[in-house]
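Participant: Chains W and L, in that order, are what the protein sequence lines are.
For the first sequence, the tail end lands on 474 under our numbering, and the numbers increase by one without skipping.
For the second sequence, the tail end lands on 108 under our numbering, and the numbers increase by one without skipping.
Everything labelled a hint here was simulated from the structure, so no lab data went into it.
Hints are supplied without guarantee of correctness; some may be wrong.
Keeping only pairs whose Cα atoms sit at most 16 Å apart, straight-line, the calculated EDC-like set for lysine to aspartate or glutamate is [what the hints assert, rightly or not]:
(1) K95/L to E462/W
(2) K37/L to D80/L
(3) K44/L to E61/L
(4) K44/L to E462/W
(5) K95/L to D419/W
(6) K430/W to D390/W
(7) K95/L to E384/W
(8) K443/W to D414/W
(9) K90/L to D419/W
(10) K431/W to E384/W
(11) K90/L to E462/W
(12) K443/W to D398/W
(13) K37/L to E422/W
(14) K369/W to D390/W
(15) K95/L to E10/L
(16) K430/W to D419/W
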Amino acid sequence: DGGITQSPKYLFRKEGQNVTLSCEQNLNHDAMYWYRQDPGQGLRLIYYSQIVNDFQKGDIAEGYSVSREKKESFPLTVTSAQKNPTAFYLCASSIREGSYNEQFFGPGTRLTVL
Amino acid sequence: AQSVTQLDSHVSVSEGTPVLLRCNYSSSYSPSLFWYVQHPNKGLQLLLKYTSAATLVKGINGFEAEFKKSETSFHLTKPSAHMSDAAEYFCVVFKAAGNKLTFGGGTRVLVKP
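So that you can see chain L by itself, here it is in the shape it has in the complex (with noise of 0.2 Å):
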């Protein structure tokens, strides 16, 4: 059985600070996995897939996250937030059957100015 777990139900940080959003796996084969973000009221948008490739994915709007097989994670990180990354971040690992997403709780993102 494969499942995932956002280690932050929140996350806080200011203007221009790092951003890291933690996720852990569990999947009995190496799993595809993938962050998406959701803005208020609206669908969810890839930021960045890992497929078995380079373990450090780069994705959309700066962000990367960084495949440790060893730890079983898949942490989320910017360097440098901003206003609009204001949102909530999802963690999702691929299940084989049907192209079925399993998806974490979601972290919620605050930026401060």
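So that you can see chain W by itself, here it is in the shape it has in the complex (with noise of 0.2 Å):
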């Protein structure tokens, strides 16, 4: 079956750990995001990448990373550096950029940080 999947489903962090989300997707998709959920509010952008090693900054991008090294791959790190790290976080991904294309998303990573 051709997909996004995202793991761990559920992440537990202490304050002042980095940890790091994965996203893989089997679309053959060019460009992958990353979006931070929290309760009752919608979707922001965390990073975006178009292209394999490339990627840009969302509207929220402080306090993570990303990077790009295989077209299937987006995995975002979570520094100790991002102040309120607890929310839901997903990864999407399109065939290229351009206002038709639909973005797909994964299931999600529930990040609680103890």
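Using the supplied hints, reconstruct the complex from the two chains, each of which is provided in its own coordinate frame.
Facilitator: Take a look at the structure:
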């Protein structure tokens, strides 16, 4: 089956620790995205990548980092610099840039900082 | 700048009755608009999209939305609600640079038996 996988589904972290969230897609999509979702709010864009070895900051990139070494993978690291990291994180991908291209979403990772 | 406002944070309907989810947008040019649905602790699924073709857009699961430029609205409707429609719904406008999406705050739908 083609799709986007995120792991783990639930993640707990102690304050001051970095943690990496995995996102893999086998849809052969060029573009990939990371969003953060907080209760009662829509999704906010953290980082996006339109091509391998290239990525851009979204609206709330502070305290996060990403890499795009392979087309299929776009891991997100939540660093200790992120002041309020507890949230639901969603990864998405699309064929390429353009308004007609649907973004497909993964099932999400719920991160809780203890 | 683009923005999206969903006018109701919660909507409660009885099974078999119509559903209306309201969305207003602002955009400096003709927008591309989407409705996504999210079931609890799941990712988002595309319901339908408007991309400057027909103003009445039909989506999956019996949903449809009408683009009204004069009212800057893109309301989502379904004639008869089903229990499985209980979820959160997001109205989304496309932002040209980098295929970025701007999300509304979401409307949570409760369906009563």
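Participant: Now tell me, hint by hint, if it's right for this structure.
Facilitator: To see whether the hints hold, each was checked on the structure:
no. : hint             : verdict
1   : K95/L to E462/W  : 11 Å, holds
2   : K37/L to D80/L   : 14 Å, holds
3   : K44/L to E61/L   : 10 Å, holds
4   : K44/L to E462/W  : 9 Å, holds
5   : K95/L to D419/W  : 10 Å, holds
6   : K430/W to D390/W : 10 Å, holds
7   : K95/L to E384/W  : 19 Å, violated
8   : K443/W to D414/W : 26 Å, violated
9   : K90/L to D419/W  : 12 Å, holds
10  : K431/W to E384/W : 9 Å, holds
11  : K90/L to E462/W  : 13 Å, holds
12  : K443/W to D398/W : 14 Å, holds
13  : K37/L to E422/W  : 25 Å, violated
14  : K369/W to D390/W : 24 Å, violated
15  : K95/L to E10/L   : 35 Å, violated
16  : K430/W to D419/W : 24 Å, violated
Taken one by one, the earlier hints fail for this structure at numbers 7, 8, 13, 14, 15, 16, listed in ascending order.
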